[in-house]
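Chemist: Model the full structure from these sequences, guided by the hints.
If you read the sequences in order, they're chains S and X.
Numbering-wise (the numbering used here), the first sequence opens with residue 1 and increments by one.
Numbering-wise (the numbering used here), the second sequence opens with residue 1 and increments by one.
Mixed in with the good hints, there may be bad ones.
Pairs of lysine to aspartate or glutamate, DMTMM-like flavour, derived with a Cα cap of 25 Å [as the list claims (entries may be wrong)]:
1) Lys-53/S - Asp-37/X
2) Lys-49/X - Glu-265/S
3) Lys-77/S - Glu-59/X
4) Lys-53/S - Glu-227/X
5) Lys-121/S - Glu-76/X
6) Lys-79/X - Glu-95/S
7) Lys-44/S - Glu-13/X
8) Lys-49/X - Glu-59/X
9) Lys-48/X - Glu-212/S
10) Lys-79/X - Glu-212/S
11) Lys-188/X - Asp-178/X
12) Lys-118/S - Glu-265/S
13) Lys-44/S - Asp-7/X
14) Lys-175/S - Asp-169/X
15) Lys-79/X - Glu-180/S
Far from chain X, by Cβ distances over 10 Å, these chain S residues were calculated [unchecked claim]:
16) Ile-36
17) Asn-56
18) Asp-76
19) Glu-85
20) Arg-112
21) Gly-174
22) Arg-258
Worth flagging that the hints you see were computed from the coordinates, not collected in a lab.
Here the structure is a predicted model, which means the values were calculated and not measured.
In this text, a Cβ means the ideal position worked out from N, Cα and C, and glycines have one as well.
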Amino acid sequence: MDGFMTTPNLNAERIKKSLEKGKRFDGRKLEEFRDITIEYDVSKKAEGSVKVKIGNTEVVVGIKMDVSAPYPDSLDKGNLIVSAELLPLSSQRFESGPPRIEAIELGRVIDRGIRESKFIKFDKLCIEPGEKVWTVFVDIYSINDDGNLLDAAGIGAVAALKAARIPKYDKEAGKVLYGELTKEKLPLEKDIPIVITSHKIGNKVIVDPTREEEDISETRLTIGSSNGNISSIQKGDSSALTIEETLNMIDLIEMVEREVFKKIEKFLK
Amino acid sequence: MEFKRPDGRKPDEFRKIKALVGIIPNADGSAMFQTGDTIAIAAVYGPKKMHPQHQQNPEKGTLRCNYNMLSFSVSERIKPGPSRRSQEISKITEWALEPSLMLDKYPNAVIDVFIHILQADAGTRCAGINAASIALAHAGIPMKGLVSSISVGKLDKTIVVDLTKSEEDWEEGEGATDIPISMTDDGKITHMQLDGNISTKQLKEAIELARKSCKKIYEVQKKALKETIKEE
Chain S
1 MDGFMTTPNL NAERIKKSLE KGKRFDGRKL EEFRDITIEY DVSKKAEGSV
51 KVKIGNTEVV VGIKMDVSAP YPDSLDKGNL IVSAELLPLS SQRFESGPPR
101 IEAIELGRVI DRGIRESKFI KFDKLCIEPG EKVWTVFVDI YSINDDGNLL
151 DAAGIGAVAA LKAARIPKYD KEAGKVLYGE LTKEKLPLEK DIPIVITSHK
201 IGNKVIVDPT REEEDISETR LTIGSSNGNI SSIQKGDSSA LTIEETLNMI
251 DLIEMVEREV FKKIEKFLK
Chain X
1 MEFKRPDGRK PDEFRKIKAL VGIIPNADGS AMFQTGDTIA IAAVYGPKKM
51 HPQHQQNPEK GTLRCNYNML SFSVSERIKP GPSRRSQEIS KITEWALEPS
101 LMLDKYPNAV IDVFIHILQA DAGTRCAGIN AASIALAHAG IPMKGLVSSI
151 SVGKLDKTIV VDLTKSEEDW EEGEGATDIP ISMTDDGKIT HMQLDGNIST
201 KQLKEAIELA RKSCKKIYEV QKKALKETIK EE
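Modeler: Printed below as a string of structure tokens:
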């Protein structure tokens, strides 16, 4: 049973050997993404929602909004809360229960990718300074895990934010009128933040790993950037990177980001 | 005064129903079931060895269902994670499905069924059970038949099928009674709940309507399963 949960050594060795020759099992180039599709309105009840597929990997992301008191350190700004759940429905590997570190990290990396890029104009989400501001909830769920949930989640979050419409708010009653969406979209910047992860396997670097490739990844570098400006970085897993390797990964990601943007641009609202 | 449903349906008319099989490649079996604006997806993993070991049953396998609503499936965001309601529905779902399964074939094993509601407009537990039953069949679990589920009910004095959320909140006259019922394809009830108030006579009428309705659902489930065989 346990053998099912990770990629067996035999496969891992084959994948590594093949990568050394610059080949991947599915025939892609090392820096090549699988096909990406985005579908909208997974849930009509959400202010915005999408389903993102990268190859066989699938996530759904929904936006909900609510009005509450602002945080004491940002009295005239709205809030962003990103959370992710890796559903057992999406893979044998995930178990029920409160989010574990993988889901927590995923949510936080996406949160920073969006927040630090200043994509959302939080000052425009203030209703009454010091009293009432909008909170934007970005909720991410995995539906099928075939590797690279992280990048799929990042694309999903951005696409859902762009599609979302603000619900009506009854100032007098202090109530959000859900289901009565205004025509108003979220206040967003033009440049779209994208989160791309590269993985080091042996002496090769790849992007958009399948599940098996992700299993044998020694370390990963996730970069959130918009229009060439990097706004967040996360190195994951314990293996060390030389400075040269790191710089190469950064260059690679910058190039891949442009490719990915081309792939998703036509879907964005 | 003539009774009218808010969306203009006849009392015994369903919302638009759709079933799809094999929507989650990783799962051993999976399905989507939609009625109107209610969408449920289900995935089956197993049979596999039960952990922790002390929960193993040497007599027969265990069916473990997990029902959950996504945070953005309803108007006011639900906090992610299990609630008392979702835990009860998970149990109800196990009870509804178990009679259709030949669990004695899998001693010490567990079959996991994960049900998630993407979009909710009442009848989510029924949609979940319908999706789960098809997913179990798709996973190749030995079954005596499918389980079909539908909510019937009473709006004021009229017996209706497949209630929407706005119908569940009906306040005129006698108000709303909501009766989710699940049946095997040979017409045995494996699950029934009721909220509201209704006479014995009308309850019997409602059950008869549920029996007819479950037959229709069964046909939709069967058709969806057959379509996958063609593809493969």
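Chemist: Now tell me, hint by hint, if it's right for this structure.
Modeler: Tested hints:
Note on Lys-53/S and Asp-37/X: the hinted pairing holds, with a Cα-Cα distance of about 23 Å set against a maximum of 25 Å. Using a Cα cut-off of 25 Å, the hinted pair Lys-49/X and Glu-265/S is violated, with the two alpha carbons roughly 45 Å apart. The suggested pairing of Lys-77/S with Glu-59/X is violated, with an alpha-carbon distance near 60 Å, which exceeds 25 Å. The suggested pairing of Lys-53/S with Glu-227/X holds, with an alpha-carbon distance near 23 Å, which does not exceed 25 Å.
This hinted pair checks out: Lys-121/S and Glu-76/X have alpha carbons roughly 23 Å apart, not beyond 25 Å. A distance of roughly 19 Å separates the Cα atoms of Lys-79/X and Glu-95/S; the hinted pair therefore holds under the 25 Å criterion. Distance hint between Lys-44/S and Glu-13/X is fulfilled; the C-alpha atoms sit about 23 Å from each other, no more than 25 Å. For a cut-off of 25 Å, the pair hint linking Lys-49/X to Glu-59/X stands: about 14 Å separates their Cα positions.
Distance check on the hinted pair: Lys-48/X and Glu-212/S sit about 22 Å apart at the alpha-carbon level, within 25 Å; holds. With a C-alpha separation of about 32 Å, the suggested pairing of Lys-79/X with Glu-212/S is violated against the 25 Å cut-off. Between Lys-188/X and Asp-178/X the CA atoms are separated by roughly 20 Å; this keeps the pair inside 25 Å, and the hint holds. At most 25 Å may separate the alpha-carbon atoms for a hinted pair to count; Lys-118/S and Glu-265/S meet this at roughly 20 Å.
Our distance criterion of 25 Å between C-alpha atoms is met by Lys-44/S and Asp-7/X, whose separation comes to about 17 Å. In summary, the hint linking Lys-175/S to Asp-169/X is supported, as the alpha carbons are separated by about 19 Å, within the 25 Å threshold. The straight-line distance between the Cα atoms of Lys-79/X and Glu-180/S is roughly 21 Å, inside the 25 Å bound, and the hint therefore holds. Annotated as non-interface, Ile-36/S keeps its C-beta farther than 10 Å from every C-beta of chain X; the closest such distance is 17 Å.
Not every C-beta of chain X lies more than 10 Å from that of Asn-56/S, the closest at about 5 Å, which undercuts listing it as non-interface. The claim that Asp-76/S lies off the interface holds: its Cβ sits roughly 23 Å from the closest Cβ of chain X, which is beyond the 10 Å cut-off. Chain X draws Glu-85/S into its interface by the beta-carbon criterion, the shortest separation being 6 Å against a cut-off of 10 Å. Non-interface status of Arg-112/S relative to chain X is upheld: no Cβ of that chain comes within 10 Å, the nearest being about 20 Å off.
Residue-level check passed: Gly-174/S sits 14 Å from the nearest beta carbon of chain X, beyond 10 Å. With 10 Å as the threshold on Cβ separation, the claim that Arg-258/S sits away from chain X holds: the shortest Cβ distance comes to roughly 29 Å.
In terms of the numbered hints stated before, the structure departs from hints 2, 3, 10, 17 and 19, listed from lowest to highest.
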